[in-house]
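What follows is the residue order along each chain.
There are 2 protein chains.
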Amino acid sequence: MDSWVDGQPADSLSLKDRGLAYGDGLFETIAVHDGQPVLLDRHLVRLADGCLRLAIAADIQLVRQELLSYAAAMGEGVLKLILTRGDGLRGYAPDPTAPGRRILQGNPAAAYPAVNAEQGIRLFPCSTRLSHQPLLAGLKHLNRLEQVLARAEWQDSEHAEGLMLDQAGRVIEGVFSNLFLLRDGVLLTPDLKRCGVAGVMRAEILFQAESLAIPTQIADISLEQLQWADEVFVCNSVYGVWPVRAYAALSWPVGPLTRKLQTIARALLDA
Amino acid sequence: MDSWVDGQPADSLSLKDRGLAYGDGLFETIAVHDGQPVLLDRHLVRLADGCLRLAIAADIQLVRQELLSYAAAMGEGVLKLILTRGDGLRGYAPDPTAPGRRILQGNPAAAYPAVNAEQGIRLFPCSTRLSHQPLLAGLKHLNRLEQVLARAEWQDSEHAEGLMLDQAGRVIEGVFSNLFLLRDGVLLTPDLKRCGVAGVMRAEILFQAESLAIPTQIADISLEQLQWADEVFVCNSVYGVWPVRAYAALSWPVGPLTRKLQTIARALLDA
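The listed protein sequences derive, respectively, from chains A and B.
If you're matching positions, the first sequence starts at 83 in this note's numbering and goes up one per residue.
If you're matching positions, the second sequence starts at 83 in this note's numbering and goes up one per residue.
I should point out that these hints are in silico values taken from the structure, not numbers from a laboratory.
Just to be clear, a hint being listed does not mean it is correct.
Identical copies carry no separate label here, and so any pair may be met within one copy or between two of them.
[Stated by the list, open to error] Quick list of in silico lysine-lysine cross-link-like pairs, DSS-like style, CA-CA up to 25 Å: (1) K342 / K98; (2) K275 / K98; (3) K162 / K98; (4) K162 / K342; (5) K222 / K342; (6) K342 / K275; (7) K222 / K98.
In this text, all values refer to a predicted model and were calculated from it rather than measured experimentally.
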């Protein structure tokens, strides 16, 4: 399907766009099923938070309307929204009144091997570590060179994802996923106040776990804590949940809570 | 003057470009005088280092030829080169054979107030701190949200530049400049192994100082060391050297070594 720029079909972008110049913008990757963007409200909440923190004066209601129209035309697949600060002159100084530029791109659903969801995955131990930047932590912004470097570390198909630690060696996230672990009945996920992307599926899984009366905790997590987990899984808003079976010399069984949350995520994506 | 993309006049870019998607690329901002790109070899050395570290298979000789042709057509002004990894599919995984995409943009010379160079500047104390990422430190890559946030901190014209510290409180650089200080006859500039952009004019000034038999040192620099400096200046490859007169409650005279290096930088830019 044709891409849209500011609501109009387009296949190219101004060379003056600050998204290109500085990565000055945000993005969302949204599953589309039956003409509907899945978990749309959560995507828009994160986007609005990003606009607030980067001071991009975007009209979120207009973004919502465009996402709904675009998804209806797509039917099925994955919709990528890039919201940049729009054109700039020379220099870093942003225009605080700039409404941003909306770029919508549609793609077929990602073709991940079914075995990832069915039997679980092995995480590659990335040596690229996430830097600490509280001003940007949690946002899905366009400065993603750390993820590019991390994803370049492995080419084999044995590893469906990689695990990224922060500069202090804490467990943070996958390259394109968030991570959860279960230990003694408590569902834990890393605190993302210093780095990391606060995923939409992560937020949904925390909500679903609470609905199931499963205690949840957002905390700093060490590799040692990961080692002693009863279950480990990763998630994102496109594939849902993948059980994690192994990371370096560590291994875990695919557990019942992982399966339960995977079923819930699948149902949301297929609703 | 028209921009060029991969050697051809163009005013727009593919929406699939990874420079837009992830900030996956590098840039150089090059002064052009009398049809010549100033300090071209130093710009190309940094670009080549960036390509090596990001694994972009660019043809640096081709880039050189294009920069020379473009500068000859421009005559005077500022030439911006953006080198991205080119189009991507979905996902972070880079194609290690991609030769990159070359974007050249020409602008008139920046209209900085003459008083900056003549009387020196005041540095705004930025609260945005630079994160530590040794894998990217020194590179002029396209992930520049920290600079955007820092530059948004002040709008007044009293501050021509801002000073950025790192997460540990070390003095690192200006938002768009490198910083030097003179203390007891030694010219110091911050070590950029954790963060910061290793500027082309910084490299040239280190070289020029050594040619003048002035001892130089690249080191971690604290605010306290800055306080006790005899002279302070900032530099970049467009404006040359600006003396620094003040930062928060600190102030310095405009000293003779600053003036000497400023004259040398000016001569290079006007050669």
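message = Are any of the numbered hints broken by this structure? If so, which, sorted upward?
response = Failing hints, ascending: 1, 2, 4, 5, 6.
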